[in-house]
Amino acid sequence: MTQTTAHHDQAQQWLKDTAQQARASQMVVLSVRLVQLVAQISAFWFLASIMQLIVVTQHAALFSHLLPLIVSLTAWGLCVYLADFLSANAKQTIEGNLENSIHTILNAQQIAITRRFSATFWQQLLLVNVSDLGDYFVQYSVQKYLSVLAPIVVLLVIFPINYLVALCLLLTLPIVPLFMILVGNGAANLHRKHFVALERLGDLFSDRLKALPMITANGQHQQQAERLNTASNIVNKRTMKVVSVAFLSSSVLDFFATVSIALIAVFIGFTMLGELNIGPEINLHKGLFMLLVAPLLFSELRTLGKFYHQKAKADAGADRFSQVLAECKATSQRQDAQEDNKDNGFSGIAWLNYKVHTPCLHASKLVVQKNDWILLTGSSGSGKTVLLEALIGFRQASHSLNADTALLSQQSCILAESLAFNLHLGSSAYSASQLEQCLSEVGLNEWLSGLPDGLNTQMGDLPALSGGEAQRLALARVLLLQKEIILLDEPTAHLSEVQRQQIASLIHEKLADKTVIWVSHHALPEEWFSQHWTITDSEIQVLS
Amino acid sequence: MKLFVTVTLAVVHAAAAFLILMLASWFIAACSIAGIGFNYMLPAVVIRALAVLRIASGYFSMLVGHSQLLDSLAGLRSALFSSLDNRVNVSRKHSLQALDHQSETVAAIWVAWVAQNAGIFTSLLLLNIGCWWLVPDLSFVLSIFSVSYLVIYLGLLLTMLRKARELVRAKSDAQFALVQHIESASIWHLLNDYQVFSPSLKKLRKQALKLQSFVSIAGLLLFTTSMLSLCWILSSYATNFTGNPLFLIVPIALLSVTDWLVPSLASQRQLVDYFDAKAGLNNSITQVEPRGQLDMSIQGIEVNQFIPDKTTLYPLNISFQVNSMNVVTGSSGVGKSSFLQAIAGLSDYDGIRRVIPRNKAYENCTNQGILSGALYVEQFPYVLSDTLRANLHIANPLASDELLHKVLKQVNLDSLSNLDMWLGDNGRPLSGGEKKRLGIARAILTEASVLLIDEPFEALDRQTTKRMCDLLNQLAQHKIVVLATHIIPSNLAFDQCISLEKASDLSLEFAKENVRH
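Residue numbers (the working numbering), protein chains in the order written: chain A, 100 to 643; chain B, 1419 to 1935.
Just chain B, with the same shape it has in the complex (with noise of 0.2 Å):
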């Protein structure tokens, strides 16, 4: 409905604009050589009535554009994250990020580029008609003009296709080697020449520029098909028409075709834009399985000839018992983030995962998808921009406000005592340490039964260390309990401890230990 309003108005808009220069025009040609009984009254009226429609419209095609757009965003990114459920890829963060910038331009289509070009088509389609009713001589020579405005127009939306794929390619290559050549930052004072080794950007712009100035050339074009159509009639048709004032109209109407028809050449650009960031849109989302999820609660999980996607690991076997504290060592970048995203299926893997349930109805359910059983927690906790007790709340929705206080208490958080303060983004900002123990609060409120924990103790100082390493004792109690750390603190009771380093950096550790406190 609001959709059809706006175009609707938009159509208005444009065509009140064009009719209030055409009859004004021949308002004035009329007047000029009036006789008496010419009723001026009327056209003068309709011409202010004309422009009180038109302001009227476009205030309201701008207010009602706008709800429609804000509109099928938040439909438009509901449905996106909806159709995102269980479909996540740790490795895929950057083509999320897209989805944000992408769902803005596949909503503003409407008000960009369909409402404002059914105005100039319809401004046309008047033009065409008007002139086929009231100047039959001259439509000849306008319908050779509109031919050829749809020639150019369909020309340059073609090319543009064309070349903005080409330049929406070299943009995320540019991306790509940007970042790389910032995260190389620490060699580049071993190379012979900075200059050459760093990326420039001038063939990108240059790009930029060609598509740029095919606009301009399709301007270029029609503005000059207008003025040759303009002195045609001036030149061949005048004779017809002496001292007839609608002869005007089509004239004017040309000579002002950069008003009215050279922006929608410019709009292309939206359109194009639409394209991609709806074949964008669409391939985010296909890209990706969804994962089933596994519900139930867990006993122990084992993992068999067990390989996580993009890593070099070897295989691994090991079994993981209920109410157990396993480690995972090794040093950074070996895959231990990896392996613990695996066993909570949240990324892919080689070999076998084996379940074991609670409850014996469930033995022989497949095994595959994430453990809704399962938390796990990130190297860097995620702060949600929301408020502290959202933040929390997404371990466990159910908890009390007394839980999280206490459980706040627990994890030395307590100088956040105001559960409605806002985090993230817009809100105060927490330190790496904070962060870290943001991460223990949530595994202490969760009810999963496995707690698969990232890095938990850097950016911790030693007494921080030790008051988590208790928590996380006492988790261990009821619960399977796997960290992944290169850092063992004294006072850590484990079970069990893995070694995730390779076979060549091994000559003198064991593939695996197992220590008993």
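This is chain A alone, in the form it adopts within the complex (with noise of 0.2 Å):
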């Protein structure tokens, strides 16, 4: 429970830290709207001053009384023109800003950050969130200053005309948010008392659509609709019972927005007929005037009620980037240090008390020469990725490889892209017999001469090569891009015996003259080494 609290409190302050760069197009957005409110609530006091011209002193309109009207509409209509088109822009800079936060935790860090979360959950971050939390910086926090200030403003405008009016009005505002919070309480407590079951059961059907497979194949599909049918009536029971209460919420705003404009009404009217003979004199200008601005006491505060939402979709927003920030605590300095050497080459390293530091990792001394051949083994969890991972440069550690290295990992990747492509990733220095030379060191050359376009066959459009081919594709890649250092994370560890046999002698065969560090829960020869390493509790031990 602690843990959630601290989790919670990182994730409040996150969106603190974020709101502050935030602040200037705010800031900028809340001025127009103050600037649109008064002039609004100009134009309200030039049309009741019309209003008493006609219908009191019964006196034609002329273009010298419609002028003032007719500036301050104009203000008006821009300012919420200009407004909406300023918190739209601000809104596509600060999402720019988050995406560009993502990418750049992903380049320092790679798969060591990206296999912490599931891709769903990367693309949620970068899709959904990012715009929510873009939402709430210029929608709902400028609201809730604004829901602040208009009654303020409000008050101001109608206290020198008519004190009493003002009186009233600012007895009620107190019991405004008073009633809001007794209410959101009784909600929120009955919501507690259902908690379990809400939500439980309310995910039902998302998650039966998901085992949807697993329903079919064990035949159980009416059982499970008739569930589903239960469980939607307990739901839609509870609920109701929860936004009963939940709606008196809002309720209460439009009960105070409503009768303060029907008693104002009323008590207007009866001073003007002389019924009531209480505070200053009123005249249709006055009262119409007040009448027209007295719901904008509550109106900015209903617009605050509306964006609720973005508060709720915001926070959860930012209990995932703090998640991400958690797993990431420190970048790496990867970048500067390929660029550095990557001219000069490897020529070796011998490290002195070697450190990663999460996961914990030691060796008191680790020697490299260059075409080295070094085996990695330890048992599952001993963090043999990690240290793989730390020696590229994807997690802080004491050390990191200043050299051009590639990591083939279990799953290779291949892009829905040309087989060109896939590769030289993009890079033009490869010429089409190099690329046709490397796949057939690979033993790759008959599968190219059956693709339809050869190397600009798509890969998107073929169906999934096996396991072994796909190794073979990563491994070319390899010898293609002309790495210097190769670290090898059990790319074998998919495959059946047979084709493990095979592939771990090609990679035996073509990498013999490179640097090669290589993980492996399998038995290979011995003679292919030139060192063990083996990690055990969090030290790694150099055997040979």
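Worth flagging that the hints you see were computed from the coordinates, not collected in a lab.
None of the hints are false.
Here are the computed lysine-lysine pairs in the DSSO-like style, where the Cα-Cα straight-line distance is at most 27 Å:
#1 A:LYS115 x B:LYS1620
#2 A:LYS309 x B:LYS1589
#3 A:LYS336 x B:LYS1420
#4 A:LYS405 x B:LYS1581
#5 B:LYS1624 x A:LYS405
#6 B:LYS1628 x B:LYS1696
#7 B:LYS1621 x A:LYS410
#8 A:LYS469 x A:LYS609
#9 B:LYS1581 x B:LYS1628
#10 A:LYS243 x A:LYS410
#11 B:LYS1589 x A:LYS410
#12 B:LYS1624 x A:LYS412
#13 B:LYS1420 x A:LYS405
#14 B:LYS1624 x B:LYS1581
#15 A:LYS309 x A:LYS336
#16 B:LYS1853 x A:LYS309
#17 B:LYS1696 x A:LYS405
#18 A:LYS340 x A:LYS410
#19 A:LYS412 x B:LYS1696
#20 A:LYS405 x B:LYS1589
#21 B:LYS1621 x A:LYS412
#22 A:LYS243 x B:LYS1628
#23 A:LYS410 x B:LYS1620
#24 A:LYS412 x B:LYS1620
#25 B:LYS1589 x B:LYS1620
#26 A:LYS613 x A:LYS464
#27 A:LYS336 x A:LYS405
#28 B:LYS1628 x A:LYS410
#29 B:LYS1628 x A:LYS405
#30 A:LYS613 x A:LYS469
#31 B:LYS1696 x B:LYS1581
#32 A:LYS405 x A:LYS292
#33 A:LYS115 x A:LYS405
#34 B:LYS1624 x B:LYS1589
#35 B:LYS1581 x A:LYS412
#36 B:LYS1624 x A:LYS410
#37 A:LYS412 x B:LYS1628
#38 A:LYS309 x B:LYS1696
#39 A:LYS340 x B:LYS1420
#40 B:LYS1589 x A:LYS412
Each chain sits in its own coordinate frame; assemble them with the hints.
Rendered as structure tokens:
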């Protein structure tokens, strides 16, 4: 429980820090909205005065009377549009920045961070959460200020005209939040009471959709359909209990907004008739003006209520962002390190007291010479993959390899691009014959000749490659890009026995003149390797 | 019924708000010039009555509306789920996930759009009738304004419908591109420039911004129209109405247009979303033909020239005999899962699958469809968000609690002793190994005579693997068991081993070997 609270605090802190960056654009939008409010109030004032002229003074409206009204109406309309425009642009900027910050993290830590979460998580983060946060920063946050400032402006305007009306409105103001808090608490209590049922049964439909193949395979469709119906009956009954109280909250606002108009209208009317003799005198101009302005007291607060779901969505987004940030507390310097040393070539390393920070790994001495072949073993979960990721620079460690390094993992990645692109990955430095050459080195020349468009064949259109073929393609890619150090993370893990032997021999043959660190669960011939490292209890030991 | 009440209440709510403002302004104006004998009590009472009516109708329209939303959502989902019976296609998981959201959008249309717009149109109608009745001189301007509103409204709707469809398409493209990008993380370090390679959502955001700007522009247009009408009335008609408090009604209505008419423009988005969701729902049901069901107990299965859909397997000719253990091997990605799914009838295949029934009476029946006498256990057995009991009953709804306890013990899951324990999303999560064993427990419980089990030994330690092998060996005594696995434990007693490696990978391997223990 304390862990979730700490996590929640972190997310809130992140939300606050990020809000700082949006502060400037929020203030611009807020000031335009305030100008809009002032223009609106003055339009009300001028219209009321014209009505006084026509109805009471019984005089036609001249252009000189209309002009101030037209000016303030124009200002009002333009401000509405301008505020929309500015906040939409601010949203774009904020979302762009958030997107970039995610890509910066991804680029720095690559698979070390992506594999901590599912692909759907990242997709949701970039597509949904970023946009939710944008809405929150430009709409909800601005509206929050506005809903406090608007009543102050309205009261300041009404007070000099009729202190009695202003006083009445002032008295109702604190009652509104008080009621809303009371009702809100009531609804929250009810929700807590039904929480478990709502949480568990509420998502049953999407759960059973995911399980559809399993349900069909078991022939249980009918039974599960009945289960869904019972569950939605329960959920609906309980939800109605909760919302019957929750909706009171917006009715409180409605109540005060409506009653204030009704009472002010009656009060003003009776004062003008002489039935009531309290407070300053009122004429149609002042009376109509107050009637028009009074609803503004609550209207911004009501808009805030409409945006309320943005707060919840932003919290969910902040939660995900802080999850990611918690995973990558420190970024690495991979980029700079690589730039420094690219041309010099790899000449070997000798590190004393090597350390990886999270999770902890340590070695008193690590030596890698050019063309070394190193076997890396250890029980599952001991940190072999972590070590490889730290060596290449995706994780913070005391040292990282300053050389052109490639990491080959269990599942080789095939992009839905052309075969040629899959090999050169967008670099134009390679000729077609070079590409063909490296394919034939890994034994894919026959496969290539069977493809409809040769090197230009779109890989997305082909049926999936078998595990062995995919690993061959990945190997061809590494050979083509001429990396100096190759880190192999169980490249044969998902292959059958025969395939495994074939691919292992191929790797041995083709990478003989490179520096290789090979993680393997399966036995490999001893004579291939010049060193053997093993990880036990977070300690990297050199065996031979 | 609820639908009618919802819309009526929403109309009353909107109309009451509108009427209060009109009546109140007229009342003030009337009071300001009233002579003796003006009956002021009646309007004052009506104003207060309207206020009460508005508050009450507001609350109840929300309440009934929500109840109606939940009812129609439940009905819609129930119908959807029933119509998906036997329409399973494992490659379609993604579009099924969308149903959850789409059904919400479709069910919400009444509350989010119909009720709101009905209120707005009623107010507009009332205003026009009132104007024609009380101040006929102004009805010309007002009707011009009403017509321009309708033009703006429809124009926006048509533009949105067209643009929103593009946005939906762009969004699903972006979704796909992002997932692909993340899945290619293992080769990012080989790239020259990460920035160039990573998909940017800037274009998508621009498109969304454009859609939003249509609403803003339409709002500005509507505002301008109404303010022009207002100025027109004030400048040209004021002389006819000097001293008439009824004159106030139309100008006040036009002035407060941002409160009652402009919101109708923003709600167009809901209608557009509704159309897309509706189309999506229809698609996901009609996309896939329903599969038939083969309901019989099975003596054996033969396949001839058999190729599961979307694999590059060479045509297979295999027969599975009753009381046998069959192992299908091959590297991951070669199509072992597709093979099992195709045999179970859960996905498509080329070639012939012939089921030999136990009962001769079924001999000549059609051979297409899902085998209800076969159980396919997934590579990562799905844990329902439900109780442990329900998760086991899915394989056999009639199993007693004692039997369930016994089976849990057999598969080493007796740490889960409480059958009412909630598993899945909002309950106790299961580890990879526990899921595998849950799958085996289902295989033991089921009455199906064919068991197709996908990778049962991954993520299990040696001892558990041995135990699972013993259980599967037992099952093979009276059932047809087919295992797809790239690990063959030493104590697994199998009658037949089929390798699915492709011909090009087979230089050292036999296409098919028969091993009898």
